[in-house]
Amino acid sequence: MIQAQQLTKRYGAKTVVDNVSFTVQPGMVTGFLGPNGAGKSTTMRMIVGLAKPTAGQVAVNGNNFRSSKHPLTEVGALLEAKSVHKSLTARTHLRAMAATGGISRSRVDEALELTGLSQLNRKKVGGFSLGMGQRLGIASALLGDPQVLILDEPVNGLDPEGVAWVRNLARQQAAEGKTVFISSHLMSEMAQTADHLIVIGRGRILADAPISEFIDDGLRQTIVRSSNLDPLMTVLAAEGVQLTRLDSTTLRVAGPDSESIGRRALESGIVLSELRPLQRTLEDAYMELTRDEVEYKSQVQHDAVAGGTH
Amino acid sequence: MSTHLATPTTGKVTFGGVLRSESIRFFSLNSTRVLILVAVVLNMGIAVLGVWGVGSLASEAPPMPGVPDMTSPEFTAELLGSGLAFSQLILGVLGVLLMSGEFTTGSAVSTFLASPQRLRVLGAKAVLITILSALAQLISSVLTYLVCLPLAKNYNMKLDFFGSHFQNVLWYGALAVVMAALIGLALGAILRNSAGGITSLVALFFVLPLVTGLLTMLADWVQNVVQFLPNQLGMSLALPLSSPSDLELWQQLVGVAGWTLIPLILGAWLLKARDI
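In order, the protein sequences belong to chains A and B. Here the first sequence is numbered in my numbering, starting from 1 and rising by one per residue. Here the second sequence is numbered in my numbering, starting from 1 and rising by one per residue.
Next comes chain A alone, as it looks inside the complex (with noise of 0.2 angstroms):
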């Protein structure tokens, strides 16, 4: 269990952590979720004593992990790609951090088996490849069969095969009962991993929900067009429906379904030319809810967010 208790990192006058509290529950994978920048590295470094909180507080297991005494049990972290020397071949940087805690060669070997870079004896880490330095990576968080396992991004780089095996590895560990907290700036990842997701934008937590709750959160939309839109709205808006006018034609309904605003337009006798019921995805509800904390907007508007939303 990992538990944030108003936490806050600043650097100089920028503040990258503002005041975030948030638990991890063990038997569960939760989504750390945020557009780059959001403060989602920063975080995780300060749950693992990397980096020290300007305020607040963050325990692992409900002790402080600069303390801990069996940290590679405690915890496993993926934080960095490639946080190797680079004239190191994988076996020997796993072995040295392995001696540290007293864990056996064979442990080493099972690690590099189950990542796949037991081949790869005699090569050095700075020659590997993004891919590759995320297998070790997830090889080094795995050594000691931690409580807690914290990824950073854990796919970026990886192939297909990588990630869906990166995504059955968290299933797996949160199934035993771990605590698994994995951060990703993709929505779509998160939608097939997690179960709970926390959503964090310019270093302020905007969402804390089971997956399932998020993507309800939002009321379902409707797009109704019609010529004649008047006595729609009228009866609309007497039952307490929120409309909003898109122009003189167009009408955005949010909460009742679509069968339900045509019956509403049958007995006002108007014809409707457009009834559709907008998509709403988890890459919408995220999209929405982050759409003012991002920290580098692009200049070009993506059109699934114009057509989907706006």
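The set of hints was computed from the structure by calculation and includes no laboratory data. It should be emphasised that the depicted structure is a prediction, and the values quoted were computed from it without experimental measurement. Do not take every clue at face value.
One-sided excerpt, in silico: chain B residues whose CB lies under 10 angstroms from chain A [stated by the list, open to error]:
hint, residue
1, Val18
2, Glu22
3, Ile24
4, Leu29
5, Gly101
6, Gly106
7, Val109
8, Phe112
9, Leu113
10, Ala114
11, Ala273
12, Arg274
13, Ile276
Just so you know, even glycine gets a beta-carbon here, dropped at the ideal spot from N, CA and C.
Got chain A; can you put chain B on it based on the hints?
Frame of chain A, contents of chain B only:
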């Protein structure tokens, strides 16, 4: 692919474990072996050149009155330590790299995940570099003695392994090298940058003595400061005839202790306080 590991683990982190971990990495790097080899060879080569130069000069011209006899057993013993400054520099660089490498390669993340107690890591590195640089210098001095013995005999110069002058070269030389290596380690922890650490080390051991050497002509008190510079302390301890000092032995040893401990304490404090 499987996603499960079977072997159970205990995982308690100990100082011995961290020391073992540091040694595994240290000895797997080629740079380590190359630097130690270069230090040994250079130390030996300069001593050979010294004995050969002094010997061949003395055999051509008899000693002049008023000038100390360079072929005396005492001076000959000190000739074997003439490469000391280079040993200090190279093993000092090794000390810098041992710490700065963590930050330039990013391996600090793995290191401090495996041992979140940062001072334990610094302590293990300090023990490792102390043992290694002392051993390297002791072996280098003994090898130098063995290589120079026939050469000195050739010029009728006497060498005595157990004489106090060679013993000074042997043991105080090792102390001087350990001091340099630990200053290097501390610089690595303070600056977290290989180029910066090595430059500072060179400045401390080579540039500062030159500058202060020039300043001694302007003011007398500078001379007292010069005697406390780390390279001068090492020289005056290991080679008291060629680098005489006004300081008492205990003062020189206190100086060495200060140069070793103060940068390390500063490095330890910064390592604990700063983010990785």
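Against the structure, the hints come out as follows:
1. Val18: 5 angstroms, holds
2. Glu22: Hint on glutamate 22 of chain B: holds, closest Cβ of chain A at ~8 angstroms, below 10 angstroms.
3. Ile24: With Cβ-Cβ at 4 angstroms, under 10 angstroms, it holds.
4. Leu29: 5 angstroms, holds
5. Gly101: 6 angstroms, holds
6. Gly106: 4 angstroms, holds
7. Val109: Holds, because the Cβ-Cβ distance from valine 109 of chain B to chain A comes to roughly 4 angstroms (cut-off 10 angstroms).
8. Phe112: 6 angstroms, holds
9. Leu113: 6 angstroms, holds
10. Ala114: 4 angstroms, holds
11. Ala273: 8 angstroms, holds
12. Arg274: 8 angstroms, holds
13. Ile276: 4 angstroms, holds
Of the numbered hints given earlier, the model fails none.
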